[in-house]
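The listed protein sequences correspond, in order, to chains H and V.
This note's numbering applies: residue 1 is where the first sequence begins, and numbers increase by one.
This note's numbering applies: residue 1001 is where the second sequence begins, and numbers increase by one.
By construction, these hints were calculated from the structure, which means they are not laboratory data.
Warning: the hint list may mix true and false statements.
Restraint ranges, calculated between C-beta atoms of paired labels, are given here [stated by the list, open to error]:
no., chain 1, residue 1, chain 2, residue 2, range
1, H, Leu303, V, Trp1175, 27 to 33 Å
2, H, Thr125, V, Ser1096, 32 to 38 Å
3, V, His1111, H, Phe75, 43 to 49 Å
4, V, Pro1120, H, Trp131, 29 to 35 Å
5, H, Ile300, V, Pro1164, 16 to 22 Å
6, H, Phe75, V, Ala1139, 47 to 53 Å
7, V, Glu1059, H, Phe75, 33 to 39 Å
8, H, Ser347, V, Pro1164, 45 to 51 Å
Here are the simulated lysine to aspartate or glutamate pairs, EDC-like style, with alpha carbons at most 16 Å apart [claimed, not checked]:
no., chain 1, residue 1, chain 2, residue 2
9, V, Lys1166, H, Asp286
10, V, Lys1065, H, Glu278
11, H, Lys365, H, Asp337
12, H, Lys686, H, Asp674
13, H, Lys540, H, Glu554
14, V, Lys1166, H, Glu278
15, H, Lys585, H, Asp621
16, H, Lys649, H, Asp588
17, H, Lys647, H, Glu614
None of the values given here were measured: they were computed from a predicted structure.
Heads up, the beta-carbon is just placed ideally off N, CA and C, and yes, glycines get one too.
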Amino acid sequence: MNPSVQQPVETGQERERAKRRRERLAIGIVLILVAGLTFFEANLAALGGSVAFTNNIIIFALININVVLIVLLIFLVTRNIFKLLLDRKRNILGAKIRSRLVLIFIGFSLAPTILLFVAAANITTTSIKSWIGGRVGVALTGALDLARGKLEGEARLLSGLVEDAALRISPESSVQETGKALADVRQGHSPETSLLLAGPAGVVTITGEVPSGIADEILSRLKGMKFAEQAESSTTLVGDTYASAVKKIPDGRLVVAVKTLPPGEARMIREIANAYDEYHQVRLLDDPIRASYIAVLILITVLIVFAASWMGIYLARQITVPVQLLAEGTEKVAGGDLDVRLDYSSSDEFGHLVSSFNRMTADLKEMKRDLEETNLSLSTTYEELRRRTQFIETILTNISTGVIVIDRHSRIAMINKVAERMLGIKTEKVLGKPYKEVIREEHFEAIRTLSREVGEAAGKPVERQVDLTAGGKKISLRVSVTALHEDPGGYMGLVVAFDDLSQAMRLQKVLAWREVARRIAHEIRNPLTPIQLSTERMLKKYAAAHEGDPAFAECTQTILSEVGTLKHLVEEFTRFARMPAPVFKEGDLTEELRTLVETYRAAHPGIAWELEGEDGGAWFDPFQIRRAVTNLLENAAAALDGKGTVKVKCVREKELGLVRISVADDGPGIPVTDRDRLFEPYFSRKKGGTGLGLAIVSAIASDHGGTVRVRDNDPRGAVFEIEFPVLQRGRG
Amino acid sequence: MCGEAFLRRIAVPLILLIVLLAANVSAASPKPEIVGIHGQIRGREARVFFTLHDAFTPEMVEALKSGIEISFKTVVRVERVYKRWFNVPMGELTFSRSVRYDALSRVYRLHRGAGEELLPDVHSALAGMTQYEMVVPLALDVEPGKTYRAYARSRLDRVGLSEPLKSIFFFSSLWDVETEWARGYLTAP
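Based on the provided sequences and hints, a complete structural model is requested.
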């Protein structure tokens, strides 16, 4: 288990390996320490000779292991508790629950351990006291006295032997005689009974079998007791395996009778003597023994408490480490880091949880990558779509055809600028609305007819010419309606494309009228001259004859006058019919207008003539433009009847590439009903007008590739506008 | 109170107090010592006499009477003394003496070198443990008229407890008896 949040997997594995190395090193050091200490202590004991090496080596090893482990445990627990306190102080995630768990473990272990300690200490003390203070001591002393009494009884029996032997041994006796005397005395006694004669140099003679150790001990005891120098009567000596009696004979030598005990009795007596010794030692060392036991109990208590603490820390870590890792990992994931991998492996539920978390982050990362790829693809597609849409919109904006797209729900989905201008509507007001709400009632029939025909055309476009009134004027449109269908055949909506035929029709009319004018002029001009000449001849020849006849003079003058009028009319017709092709030059349109305005300002001083113009550089025919503007100024002056304001403006529409000349007056204005025919030849609202002025203006505008239109002036009057391209095709 | 303040105000005075008390307690009990070192030096050996004083506390005597074996280890060194030069070691002897009371035989078994001596009472046993007459073999010849000195030091070597008590007092020592080095001049012929 390696509890850490890792970015690269390698780091966690290296850390794990390093930890394993440290653990192996620690185990090795502990083992060496235990072995070394055990060897050292065993050697110490062996040198001292009080403890058997082979019997105690396991105890030494266990004690050393315990000591090392206790030290290690205390170190680890202390270190971990300090670390825990620090973590808690630093508000590290998981420190609180960890410290709580450790406290719970310590609390649960401390109470029973202390209780056990107190009970064990009491039991130990009571046991020791009852053992050393009770009947055990009396019994052991009694047992020892009994053993000693038995030995002394045996020794007293032996006193008779030594007395008898002392009587039989004289200083002059040889060794053989002495041996014989001793043998005689010993005769009839048990085989364990021996007699010996000892001098200052050691044993002189011996009968029976006396272990050498016993003989040496007896002699040594006699030496220590100074017995050899003073004892006259026999005396007794007992050991744990023998009983003896000693008698000094006159020459200073000692007669010793020894009886060795049977092995069973000797062992029993030795056991009694050992028990007696132990009892007295325990009694003497009562307090240190108790202290020692209590120390051991304290050690065990501390060990249990520390072990419980360690277990608490360990279990708390088992719980909090994965929780902490998960919290940190979740935080990182929330911050957008999906490369997080928790390096924690365990077979328990936490291991499963961490593994699920890792799988989840991996899935999230995968999904994010897919999403990014999809997003990129969508962005590309969207960009392409947007480009195409822009392209289509550009096309739709720049084509001269008006286009309206109606979706499957009969709502207006798109409308281009040309359509907007042609129909005089604002896109933002109609976009998204059902087209039935937008169109006027008088057009319902036409639209219904078209819809029906589109439905019957089965996907083929339906074309019709439709006359509408838009923006206060009648327009003729060639409408093409196509139903849109998706590939599987679903209905998507309608595309309505329409061209303004008004201008074309107007041009056709102008051309027709020109032809008419040319023929009329031709047919009329020919008879006019003979009529005029004949009338002048009549006047010259018959004037005298009809002098005083006012009718003659009046009629001839009328004929001449009307012929003159007709000639003028013919002249106008001719001029209209034979309008030359414009000769384009680059010039300053504003300057041309200024000249004209100055002329009219001088001619009509009662009218306020205003000119407003930008840089008027454009390609145009100066002669024809002057003529067209002159006609408009003439009409304005006529409309104002010598009083009012005329504003002439020259505006350049850079975006559209057009130049616009407008002449606005504050006269009575043009009724809407007259506006359709205003630019047709021979339509005049002036008395005596030829009706060709505005027709000529319209023809000039058409020849310049432009248009002329009229609208109401605000607050009153009319505005005539001539528009034509700044740069003529094939020029500039 | 932070850790440093605790150390300065409480821990340090407490430690000083403990050290002083320990010193007083140790000063109160009589210290074992070796007295009366003297002897003769001749040929390749030195005969050294000295007495071990206050080596047996009353508790130790009681322990001895209770059958606990007590053993002392003693070191005797002999040096030739130079006035303006370093002393030259001549010889050294390390030996042990032990005594144990045999309750059954009512004798004190004293071991000092070869063999066992059985002594009838505690006084003779203590005398046997504290009266020393040692022969130290020398590595160099003795020069007559020169100055020689003997050094001796003794310490409690082992307390022979019964087997069950050995395991109880495995890590602890019941008594700590050790003399300083004592010295005395040896007479040379």
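**Asked** Which of the listed hints are broken here?
**Response** none
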